[in-house]
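Participant: Respectively, the protein sequence lines represent chains A and B. Its first residue numbered 1077, the first sequence is counted upward by one per residue in this note's numbering. Its first residue numbered 121, the second sequence is counted upward by one per residue in this note's numbering.
Computed, partial: chain B to chain A, Cβ under 8 Å: (1) 174; (2) 177; (3) 179; (4) 180; (5) 184; (6) 334.
None of these hints come from the bench; they were simulated from the model. Since the model is a prediction, treat every value here as computed from it, not as a measurement. Cβ atoms here follow ideal geometry from the backbone N, Cα and C, with glycine treated the same way.
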Amino acid sequence: MARTLINVPKTAKKGEIIAIKTLISHEMETGFRHDNMGKAIPRDIISLFVCTYNGQEIFRAELHPAIAANPFIAFSTVATASGTLEFKWTGDNGFSATEQATITVE
Amino acid sequence: MTTVERRLVTVVAMICAAASTMHSALAADIPLEERKSGYEFMGRDTRAMQDDDTANPGMLSVLDGETAWQRKAGSAAKSCADCHGDASASMKGVAARYPAFDAARGRPVSLEQRVNICRAEQQQAPALAPESKELLTLSAYVGRQSRGMPIAVTIDERTRPFLEAGRATFFRRQGQLNFACTQCHDDNWKEKLAGSPITQAHPTGYPLYRLEWQGMGSLQRRLRNCITGMRVENYPFGAPELIDLELYLMWRARGMPLETPAVRP
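This is chain B alone, in the form it adopts within the complex:
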């Protein structure tokens, strides 16, 4: 092979490599009508468990949340109900709108963060730890009030930069395996990973009861699971990256009905 020929082979190899990267970089969003909730990937038994309120273990958490809603807390000795009244009226549709923009913080906040902001500012109570039982019962109770309502986060000039940041995270290859979320959840959701369906990653039922966890968990817990699996240095609970990703995922699932408290395998 001459030097010219050798150079040509190298160039062709580079073009091939670039083309294969571009293929995944061009990953298209799932068309709206092809979107499926994780519910549709589940087996008959797990669906039945979610559908029956007396078999759905997430309802235990919702009932605890109903009690926590009435409980006075903090030095202000106020309960959630003292300000918000009957949750079935005041909290209807609220969970479907989160993460929502918080003017004081100048960025979107998650439902769990909103609960803790209320605790700090209204109840003057210490923040509840991420994934703590009480925080999850409150977000499950608030989420339950929006069951069946379409997911509808507000995208305007204030939230758009955060949506774009979340979208960028979803499409960015990261970690030791050099994976992006989109490679599984946009391109390969019809496939299986170690025997389990990959799913489209629509956050339709959080906080939810996951059989694998034997308990309730928030969307951030699920995201951190996936991120660990991708061998990426994880983001702490409440990190702006996770909130932006939550916002992008909720926008991506816009119009799909909320199932809280969902059951997942």
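Bound conformation, chain A alone:
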């Protein structure tokens, strides 16, 4: 499982805009490079990132070969209810990683 770092506030007021930051370790091999022998290095990237908040999708990003290694994705949402945020990255070669964070909304 890929190493991830998630930053979600533990608590928030109802209706407050909260910042969410995610970082995941991934090579993001573009598929455009060649090794020392001239052989093409096959593409190996994360192609989709989805965040759900209590089961409802609130953010989605499609990633392409120009995205740097270890993609850092930051976005914001409105704190509506206490619950769980789930983060899912999927990509080439069956890559899949899931993380969760809980938030208490007062």
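Please build the complex by placing chain B on the supplied structure of chain A, with the hints as guidance.
Facilitator: Only chain B this time, still in chain A's reference frame:
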């Protein structure tokens, strides 16, 4: 022009040439209070990336290092933690002291070399390759334990000759461009090279995450970058010349806080 006059012109030209060489040969060290970490040359965004542990990609490596610290390795089936225990206590300040003198080898060794000495002697495991992911995660994890602590290499009668050798390398003109490290990093750190700040070359955050590399790298990787740019025949990883240079640079940055894992453009 008479022969005498011609001779005189030649002599004057030689004196001028000698004077211009002497100017750079006399390059002064940067006064202690004027020293700046590479951090201070960076843009706002890159600084923010380093300052936030959930945005700093070097922390991914530190977390991997935390796992590697507990992993048993080699025919002795020992982990780093089996001898050293809790790294946050046992490794505090260690990275700030490296390169450190190793009595058995009779010379200073870098932190990466120390890890491999431990692997060979304590874990009876094969050495980790230079710049390999596992070696960098371990040195990043050990380095992280000294974050904020002042750099303090030990200079005594045993290490002084190596410090002097490193200093000599720093001041020696070499390669096809006939450059010395000091010409950029002591004399012209206020200037730019191809649009980028030159910086003072203080190794305050190694191993660090360099955006250009899209990954972690040791100080030696950075030194070899610069050396290639100077068109000098490069030193292999772990070469005594590089360790001496590391020692000199760490001494030069003495007292500056360690930032490991730093982020650099």
